[in-house]
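Q: As you go down the protein sequences, you meet chains A and B in turn. Just so we're aligned, residue 1 is where the first sequence starts under this note's numbering, counting upward by one. Just so we're aligned, residue 1 is where the second sequence starts under this note's numbering, counting upward by one.
Watch out, some of these pointers could steer you wrong.
It does not matter which identical chain is used: a pair holds within one copy or between any two.
Unchecked claim - Think about it this way: if two alpha-carbon atoms lie no more than 27 Å apart in a straight line, the pair counts; the simulated DSS-like pairs of lysine-lysine are:
| hint | residue 1 | residue 2 |
| --- | --- | --- |
| 1 | K42 | K4 |
| 2 | K124 | K42 |
| 3 | K4 | K124 |
Calculated directly from the structure, the hints in this document are not laboratory data. Given the structure is predicted, the values throughout are model-derived calculations rather than measurements.
Take a look at the letters that make up each chain.
Protein chains: 2
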Amino acid sequence: MEGKLIAIGRIETPYGSLDECPRNVDPDGPPCELILDPPYEKALEGLGPGDRVLILYWFEGADRSRLTQHRHGGGPLRGTFALRSPHRPNPIAAAALPIVSIEGNRIVVRGMDCLDGTPLLDIKPA
Amino acid sequence: MEGKLIAIGRIETPYGSLDECPRNVDPDGPPCELILDPPYEKALEGLGPGDRVLILYWFEGADRSRLTQHRHGGGPLRGTFALRSPHRPNPIAAAALPIVSIEGNRIVVRGMDCLDGTPLLDIKPA
Numbered sequence: 001m002e003g004k005l006i007a008i009g010r011i012e013t014p015y016g017s018l019d020e021c022p023r024n025v026d027p028d029g030p031p032c033e034l035i036l037d038p039p040y041e042k043a044l045e046g047l048g049p050g051d052r053v054l055i056l057y058w059f060e061g062a063d064r065s066r067l068t069q070h071r072h073g074g075g076p077l078r079g080t081f082a083l084r085s086p087h088r089p090n091p092i093a094a095a096a097l098p099i100v101s102i103e104g105n106r107i108v109v110r111g112m113d114c115l116d117g118t119p120l121l122d123i124k125p126a
Numbered sequence: 001m002e003g004k005l006i007a008i009g010r011i012e013t014p015y016g017s018l019d020e021c022p023r024n025v026d027p028d029g030p031p032c033e034l035i036l037d038p039p040y041e042k043a044l045e046g047l048g049p050g051d052r053v054l055i056l057y058w059f060e061g062a063d064r065s066r067l068t069q070h071r072h073g074g075g076p077l078r079g080t081f082a083l084r085s086p087h088r089p090n091p092i093a094a095a096a097l098p099i100v101s102i103e104g105n106r107i108v109v110r111g112m113d114c115l116d117g118t119p120l121l122d123i124k125p126a
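The following block holds chain A by itself, in its conformation from the complex:
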């Protein structure tokens, strides 16, 4: 399989360290921006405020070898595929959230759970 990902943009969040990141997305959380690299702006045509989208992004620095791990905060050892941990063979994160607004290449949503500067991979109807 030839599976090389490209960043289509970056995600702006209030979180500069992993300790600050919330454990899950939250539609009532603080505003965050998906900032597309300019060539991709035209690929937003047809999306608007209120549309629920699935946002895919990339956890840089993940440990891709973990097959079992503890849930954050403890508990029994569980399989990686039973958890939403960033540490997984393909560290692709997914968030389903409504669009708050779009201005040019900037899409505002609320309550992303990732570091500021996280690479954005895809946006699609949820």
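Knowing the structure of chain A, use the given hints to seat chain B on it.
A: Using the frame of chain A, we list chain B on its own:
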């Protein structure tokens, strides 16, 4: 960004050509199997029948340059991010479905929309 994906297994579906593939996932569709490469079986610990999972997979052969396109069957030109088309910059597909059963490294779900043999990327709680 260093984003190289690995296949964690393959998806068995009844579809040998793109023309046969349904346009969307369908929880009442035919049985399909997610077959994990053996090392990943232990990463399923904690998942069982009835659990709803987000399945990520890879559309091989996608045209990754399309920024606008027509919905299958026609209609106006729309942005790629407003569509679920396989032709997108990062052709990662997502299906949220309940697990029917798990036996060893084989997970049965219903109604995947992809070709037989499609590379599997991730499974996580939906």
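Q: At most 27 Å between C-alpha atoms: does K42 with K4 qualify within a copy, between copies, both, or neither?
A: both (23 Å within a copy, 26 Å between copies)
Q: Go through the copies and call it for K4 and K124: within, between, both or neither, with a Cα cutoff of 27 Å.
A: Cα proximity of K4 and K124: in one copy and across copies (19 Å, 21 Å).
Q: How would you label the pair K124, K42 (within, between, both, or neither) given a Cα cut-off of 27 Å?
A: Intra 14 Å, inter 31 Å, cutoff 27 Å: intra-copy only.
In summary, this structure violates none of the numbered hints.
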